[in-house]
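Student: Quick mapping for you: the protein sequence lines, in order, are chains V and U. Under my numbering, the first residue of the first sequence carries the number 219, and numbering increases by one thereafter. Under my numbering, the first residue of the second sequence carries the number 219, and numbering increases by one thereafter.
Derived by calculation from the structure, the hints in this document are not laboratory data. Where a beta carbon is used, it is the ideal one built from N, C-alpha and C, also for glycine. Some hints could be false.
Said to hold, decoys possible - Derived CB-CB ranges, DEER-like:
{"#": "1", "chain 1": "V", "residue 1": "543", "chain 2": "U", "residue 2": "443", "range": "57 to 63 Å"}
{"#": "2", "chain 1": "U", "residue 1": "329", "chain 2": "V", "residue 2": "540", "range": "51 to 57 Å"}
{"#": "3", "chain 1": "V", "residue 1": "421", "chain 2": "U", "residue 2": "412", "range": "57 to 63 Å"}
{"#": "4", "chain 1": "V", "residue 1": "385", "chain 2": "U", "residue 2": "514", "range": "56 to 62 Å"}
{"#": "5", "chain 1": "U", "residue 1": "307", "chain 2": "V", "residue 2": "603", "range": "39 to 45 Å"}
{"#": "6", "chain 1": "U", "residue 1": "412", "chain 2": "V", "residue 2": "428", "range": "48 to 54 Å"}
{"#": "7", "chain 1": "V", "residue 1": "511", "chain 2": "U", "residue 2": "602", "range": "19 to 25 Å"}
{"#": "8", "chain 1": "V", "residue 1": "405", "chain 2": "U", "residue 2": "329", "range": "19 to 25 Å"}
{"#": "9", "chain 1": "U", "residue 1": "405", "chain 2": "V", "residue 2": "575", "range": "32 to 38 Å"}
What the hints assert, rightly or not - Derived list of chain V stretches under chain U, where covered just means 3 residues or more per stretch with a C-beta under 8 Å from a C-beta of chain U:
{"#": "10", "stretch": "226 to 235"}
{"#": "11", "stretch": "513 to 525"}
{"#": "12", "stretch": "600 to 614"}
Claimed, not checked - Listing some non-contacts, in silico: residues in chain V with all C-beta distances to chain U over 10 Å:
{"#": "13", "residue": "413"}
{"#": "14", "residue": "420"}
{"#": "15", "residue": "548"}
There are 2 protein chains.
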Amino acid sequence: MDLEIVAIGNELLLGFTVDTNGAELGRALAAIGVRVTRRTTVGDDPSSIRAAVDEALRRTRLVLTTGGLGPTRDDVSKKVIAELYGWSFRFHDDIWERLVERFRRMGREPAPANRGQAEVPEGAVVLNNRWGTAPGLWFEGTPGIVIMLPGVPGEMRKLLEHEVAPRLAARAGGAVVLSKELRTSSIPESTLATRLADLEDELAPLSLAYLPGVRGVDLRLTAWNLPVDEARNLLERTAARLRAVVGDVVYGEDGVDLAAVLVSRLRERNMTLSLGESCTGGLVGARVTAIAGSSAVFQGGAVCYSNDAKTALLGVSADLIASVGAVSPEVALALARGARERFGTGAAIGVTGIAGPDGGSEDKPVGTVCFAWLLGHQEQEARYVFPGNREEVRERAAQYALHRLLRMAETD
Amino acid sequence: MDLEIVAIGNELLLGFTVDTNGAELGRALAAIGVRVTRRTTVGDDPSSIRAAVDEALRRTRLVLTTGGLGPTRDDVSKKVIAELYGWSFRFHDDIWERLVERFRRMGREPAPANRGQAEVPEGAVVLNNRWGTAPGLWFEGTPGIVIMLPGVPGEMRKLLEHEVAPRLAARAGGAVVLSKELRTSSIPESTLATRLADLEDELAPLSLAYLPGVRGVDLRLTAWNLPVDEARNLLERTAARLRAVVGDVVYGEDGVDLAAVLVSRLRERNMTLSLGESCTGGLVGARVTAIAGSSAVFQGGAVCYSNDAKTALLGVSADLIASVGAVSPEVALALARGARERFGTGAAIGVTGIAGPDGGSEDKPVGTVCFAWLLGHQEQEARYVFPGNREEVRERAAQYALHRLLRMAETD
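Just chain V, same shape as in the assembly (with noise of 0.2 Å):
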C-alpha cells in the first residue's frame, strides 16, 4: 500500500524546524507495510497546500498531513482539504468541552481562536488527541483518504501509534520493512566489515548496513518487504549469528545506552563504581548518572582537572605526575586507585588525555588518552589516540571506558 506524506508549515520551509516527523514515519509505516512514495514540504498558504494534497491523492489516493492544525493556522489546511472533498463544517461541542476541560486543568481559559479547532468537516472521522488542542482528522471519499494530524512531534507520535497505525495496518496486511540493530563500540568500521565479509555474501534477503558514529558503530539489519513474522525470525535469527562473529564487541540492541548495560551488569554482581576522571571532566559521571537507579551502583568520582586536584582529591603522588606526565597509564591507574580507595567500591575508572585543540606534542598528540579499569581483582590499562575534535575526543573515550569495564564484568 502507497501512502505519500504533506507537510505542511512555512517554518519547514525557512528552516527554523527540522522535519524529524518524516523519518518517525518513515519509519513506522514500513513497519506496518505501508510504503512512503514522496513526501512534500509547503508553507502555511491555502494554494500550496491545495495543490500538493490534489497532486498526492491522484498519485496515491492515500495522503497523511501533517502540521497546519495549529488555533492559529487551522481553518487553512482543514478548510481546503475539505473543499476537496465538497464537504462543509460542523461545529462538535463534545470537542469544544474536552477542550475547555484541558485547558481549566492548565489553570487557563482558551482563546477565541481555539474555536476553530472544534469545527469538523460533516464527513470526517475525529482522531481523538488526549495528548493536545487540535484532533487528528480522517477524511474518506471520493478523492481518496486523507489523515490530518498535528505538526507538534510527540501529539503526532501518539495519534500515530493509537489512531493511524491500527486503522492503516488493517488494510495493508502485507509486506512489511522492519529491522534491528546491533550496537558495537571499540572496533573500527573496517575491522567489522573484514570479520563479518564472509556472513555478508550469506545474509540475502537481509541488507546489513554499518552506521558508523562517534560512540562506536551500529549493525543495522533490514528485511524487505516480507511477511511480517518470517520479517521477525530472520532478523532474530540473523542476529543471531552476527552475534555468533562479533558478539565480544556487541554491547547491546536496538539504541541501548552502554552505561544503562554497564549499570544493570554491575548491579547484577552486586559490585559499586567510582570515577577519577581527568580529560572527560565529568562526562564519564554524567553518562552513568544518566541511568535511573545508577545509585545503586555508582558511588562517586572525582573530577581533577588541574595536577594539584589530582593530588589533593585522589592521592595521586606529584612526583609521579612530574615524572611520567599527568597524561600516561601510570597516572590513569593512579587515579583509578585513589577512586576505588576514596569511595570504597569494587571497580574503578581512570582517564586522562588531551581533548584538544590545544596542549598536544608530537609524543602525545592531541586525541591521546590513557585509561585504567579496576575490577575485584582484574586490572587494565591502555592508551589510544582518538580522532576528531574535542567534544567527540571526549565523547569517545568516554565510551571507550565504559565498555572496556563492562568487557571486564562480562568475562571475569
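Given chain V's structure and the hints, the job is docking chain U onto it.
Tutor: Showing chain U alone in chain V's frame:
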C-alpha cells in the same frame, strides 16, 4: 526568487535518515533572499526523480537537488536530469584524477563504480567538491536551472556555502529573511512574555518567537523580506531594546553555550572554579570542560553520589546530612564550601537534588534541587523544583547552576 528543493533517497522516505539538509538549506537560502516554496522527497527510482524535478522546474524554473550522487547511485539521478536537458555525458579526466588522488591519500584505490562520478553531462558546470568524492553539478538551459548537491550533510554544506550561495545571491539581490536569537535561562516563557508584552506591539516589521527548550527560552527576532542592510540594522536595534527589558536573564546570542560564556567571564576575572555535584553526577563538570580552554578556570569537582562520598571527599558532616537530609540548601552549601577548600578556588557550586524517577517525597518531590554558589565574598543558596523527566531535571539543574554563577560574576 523562488526555488524548490528535491531531496533524493530511499533512506529519507524509510526514515533511516532524518533530513537535516532541508532545514539548513532553508535558512541559508532565506538569508540570501531565495525563498524555498516547496520541498519534495522521493526515492532512488528514476521515474520518481524525473517526475519530481520536472514538476518543480515547471513551477519555479529553479531547483536544487540533494542526494543521489554517491558512487553507486550516481548514474540514475544525473542521467534523469541530463535527459530533461537533452544532454549526453562526457568523461572528465581532471575529475577522475582528483578522485584517484583523494583515494590515494586515504591509502585506497577507487572502485570501478567510482568512474561514473567523473562522467558529466556536456552542458553542466562542475562544482568542485573538495570535501568528498561526488562533485556538485549546475545545469542551466531551456528547462531552467537545476543544482545537484551530494546528500552528505558536511559536503552539502560546504558546496552550498562556497559554490552555490554566491552564484544565487548574485541573481537574487532582493529581500532576505534573517533572524537573531537572544538566549535566556532561569525564567519561564510566560514571565518573559509578560515582561515583553508592551514591547511586542512595537516590533513590526520584525516578528518575535518564543522557543522554549530544556536549557531555557530563546527569543527569535525575524526580519521578513527586507533588504539585507535594513534587516541587519533592525535586528541589532531591536535586540538591544529587548535586552533593555530582559537583559538580566539574557546570557548570549545565536546558539552560544552558557558554559562558554561563564568560562570566559571567569577567565576575564582570573577566577577559578570547582564543583561539588550530587544529582547532576558530573554533568556540570562535563558542560564546563566541553569548552576548549576551560582548564584555565576549572580546577576540578567531586561527584558525590552517595552520602559517604559527600563526607569522605568534601567533608560534609554526616550529622548534618542525618539532620537536614542530603537534599537541602545546607548540604548544597557544605558541598560548595568543601569543593572550594579542596580545590582552592575562588568560585564554587554545590548541587544536590532528586532527579527521579524514584526518591521523591511529599516534602521533597522528584525534581527538587538545592544549590549553593560561592564567588569571592558572595554566597547564595536556592531550592527549586524542576519539571520533566530525569534527563530534563538534570539538564535544567546544570543550566541553572551555571547561569546563577554567571549572574553573580556579572554583578559582583
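Student: Could you tell me which of the hints above the structure violates, numbers in ascending order?
Tutor: none
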